[in-house]
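Got chain A sorted already, so can you dock chain B onto it with the hints?
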Amino acid sequence: MPKTLAVNGEEHVVDVAPDTPLLWVIREQLALTGTKFGCGIAQCGACTIWLDKQAIRSCVTPIAAVGTEAITTIEGLAPGRDVLHPLQQAWIDHQVPQCGYCQSGQLMSAAALLAANPTPSDEDIDQAMQGNICRCGMYQRIRAAIRTAADRIAEASDTSE
Amino acid sequence: MNKWTRRAFIGAGVITGGALLVGVAIRPGRRVDKLAALVEGEDETLVHAFIKIDTDNSVTVIVPHSEMGQGAQTALAQMAADELDADWEQVRFEEAPAAGEYALYTIGRGFLLKDVDVPKVLIPTVDGAMMQLADSMGLQITGGSMSVRVTGMYGMRVAGAATRDLLRRAAAAAWDVPTEDIETNRGELRHAASGRTARYADFAEAAAQLKPTYTPTFKDPSEYTIMGQSVQRLDLPSKVDGSARFALDVRLPDMVYATVAQAPVFAARVASLDTADALAIEGVLGVHRLPETAFDSSIGGFGLGESVAVVASSYWLAKKGLQALDIQWTQTGHESVSSDSLYEQFAETLSTGADVAADTATGDVAEADARAAYRIEATYRVPFLAHTCMEPLNATADVRDGRCELWVGCQNPLGFRHTMAAVLGLEYDDVTVHNQFMGGGFGRKARADWATQAALLAREVGRPVQLIWSREEDVRHDRYRPAGMSQFRAALDDNGALLAWTNRYTNKMDPPDAPLIPYAVPNQDIGSLASPTHVPTGAWRSVDHSQHGFFTESFIDEVAIAAGRDPFEYREQLLSEHPRHLAVLQKAASAAGWGTPMGPGRGRGIALQESFGTIVAQVIEVTVNNGVVAVDRVVAAVDIGYAISPDGTRAQIESGVLYGLTAALYGDITIENGAVKQSNFHDYRAVRMAESPKIETHIINSGHAPGGAGEVGTPAVAPALANAVFDATGVRVRELPLSKAAAMLSDTDAA
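Chains A and B, in that order, are what the protein sequence lines are.
Under this note's numbering, the first residue of the first sequence carries the number 1, and numbering increases by one thereafter.
Under this note's numbering, the first residue of the second sequence carries the number 1001, and numbering increases by one thereafter.
Incorrect hints may appear among the rest.
Unchecked claim - Pair by pair, the computed Cβ-Cβ distance ranges are: (1) Thr119/A / Ser1341/B: 52 to 62 Å; (2) Ser121/A / Arg1463/B: 27 to 37 Å; (3) Thr1217/B / Arg152/A: 25 to 35 Å; (4) Gly67/A / Gly1599/B: 48 to 58 Å; (5) Ser157/A / Ser1230/B: 46 to 56 Å; (6) Pro62/A / Pro1600/B: 27 to 37 Å.
If you are wondering where the hints come from, they were derived from the structure by calculation, not from laboratory data.
From the three backbone atoms N, C-alpha and C, an ideal C-beta is built for every residue, glycine too.
Looking at chain A on its own, in the form it has when it is part of the complex (with noise of 0.2 Å):
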């Protein structure tokens, strides 16, 4: 049965079987093949989403299981064209990605935390980064990248109060 799904502030009829993954309707049926598969069970996080701005796994999130919501990717994280999220320039500032695989996941987590949580602890960035492994190991520079994003947003909020 054809439904329709709020992706990235578009909407997209698709029409696939009901327990299909988000991730597989996004990659496959929208072509936005920046969400990742890494392990289908919800265990590494490379196809990490916003739904309804919080951070789901698409590998086990059936599309019946998807209402109205907002959906965002990668490709929707920026606020606009020609401009990164500040965790995207963060990330090239720190030289983070290696690979580059897990990053759209990784990104969607840290920016999924920092809309909810401005100033993160360190043990905070732990806990929202758990779900996402990286096997090229750039856990240290994501965790400075994440420092500058917050720093930086808090200085552009100071600035515009």
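Relative to the frame of chain A, chain B by itself:
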């Protein structure tokens, strides 16, 4: 280091729209038609390194290595651009297509001339035979930390320097001044006396008419402007916005998806197959039995067995179809094999002592042993390890009308091209490989097994097929880091001085120097015994160094403790003939504050391992609590010769450390009833953010030839960790992973 003394074959020409193309070959070989015009003689081949200067003065460096995260493409572009004196802002790179012109003949050359050790496991096999260099087979491998060490040193720098030389001579001729008076800076030529300047592009056509020098002059390191700088990696912007294209992201018209179930016990064949339930699922298009190819059976010698693939309109439906299959497998005779039985087999092999392949035999071990004051023995063992690249293995193939196109992220695109041709029975020229970014490689993606499956499926289906392995297949059908066992005996005199070192271990692979020690021990006897298993093995980040680092650096620690000495100082005294090793060891110790007191339950360990031309020492600090080992801090000192990109080197060391840490703490592929027990990240754990230690990397630019970076951070982790655990608890862990020792450690903590 700054004078190219060997005869290089350098060709220059003008290509589309007046761009200058300079290519370098450093070994005569077969003439390649496509570039024949650029080659001087019949027996010369233009391969290896290319630089293109376009009319807008932009510089493109064509790099013949794949990107799996290690940043090598950027480092290689730095090497070429610096010798060219290019403007880094105008430099970009492209990965070379999988074509013969780009083959890494330098690897072959390095292999032949012993300039570097090429790990044998990285040399591709097309039909199971060792590669024949004389047959000018493809070598385009990324692995063995070869990129900077070989392609960079022998190709990229030569290409850059030769191009700069051509441009200077062209300008000198036009301006009628001596070449020596032409200076270069950031993509410009300048004659100081007359004040004339020009862009490189202005002399591209003129430069192409000149005969290139065979021996361009390199810059002195003091003149580097791009090498030695922590430039931003050129591939990163696409890796933060989801646009970087990995093989899994390939989308083709009319493409279908497939997934596969492989023989759970390696070498098994399909005994019976019931496809009815699978084919009843809407969207499932077909079920295909995939034969074991000659290529597969060459891995390990026992074969991999058969596979069954389901093709469907989506991956999800293919997976559901696979789950609906009823597959019965044949008995292989390996069904009683377990990890325990293999360790028993290894112990049995080592106890026979027959057929030892010697690595080194110096002095007289028996005589030294006889006069020793005391002797120490220890046996260590390590399990199989999977690679678990973040990107599960996948490939997209289109095999129609006698042609094969393959989209894949692999460490050896040219080898894959040969393999596809062999497996499909096609001509080499009818195969095209489009290499994509790799979501991790670590050695796994030098093997073409999954790509051959995709190609065979695509041929049967007659339309493009994207084959995706589940993570479970990835974990259970890897080419594993070999399990192994290593036995030591040391003989010491009254003063604790090391008289003799005897080591026997199972299943030598590569590189040959992995079990050797840098320490001054007058009598040494090191050798291996073959103890084959049916579990397929392959290169795993740092190859044999990963296990031998643990073996030798744990044992030297045991010897030091037995001699009543500090493990750092004991090593220090044995390194008088190896000043680079000594400096690295001392740097790691001083940076870590070696010798300062630590709190209860805490400990510090040190280890030293040279691999791929780079020397690494690490000090690791741990806290052991109720048997659980927490890694607090890792201090690494690294003599890499010369760090082309210091931040890139640091990133690689951090990565190698974490990879080694995951393995040392948790990595355990166990065999039960002939098959791999683990299946996914829940039972084959990886270190996550909260367990990730603080890592400090100290780079030593000793001025020696650049060493590798991508693998060298891994080998010292496990021994430094086990030595730290001993320091904290007094318990010596001789088997990895450390998680297996939790009960033993827990007992001692309580005491």
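Hint check results:
Under the hint 52 to 62 Å, the C-beta atoms of Thr119/A and Ser1341/B, about 55 Å apart, fit the expected range. With their beta carbons about 53 Å apart, Ser121/A and Arg1463/B fall outside the hinted range of 27 to 37 Å. At roughly 46 Å, the beta carbons of Thr1217/B and Arg152/A sit outside the given window of 25 to 35 Å. A hinted range of 48 to 58 Å holds for the C-beta pair Gly67/A and Gly1599/B, which are about 53 Å apart.
Checking the proposed 46 to 56 Å range against Ser157/A and Ser1230/B shows it is violated: the Cβ atoms sit about 31 Å from each other. For the hinted restraint 27 to 37 Å between Pro62/A and Pro1600/B, the CB-CB distance of approximately 50 Å leaves it violated.
Against the hints set out earlier in the document, violations occur for numbers 2, 3, 5, 6.
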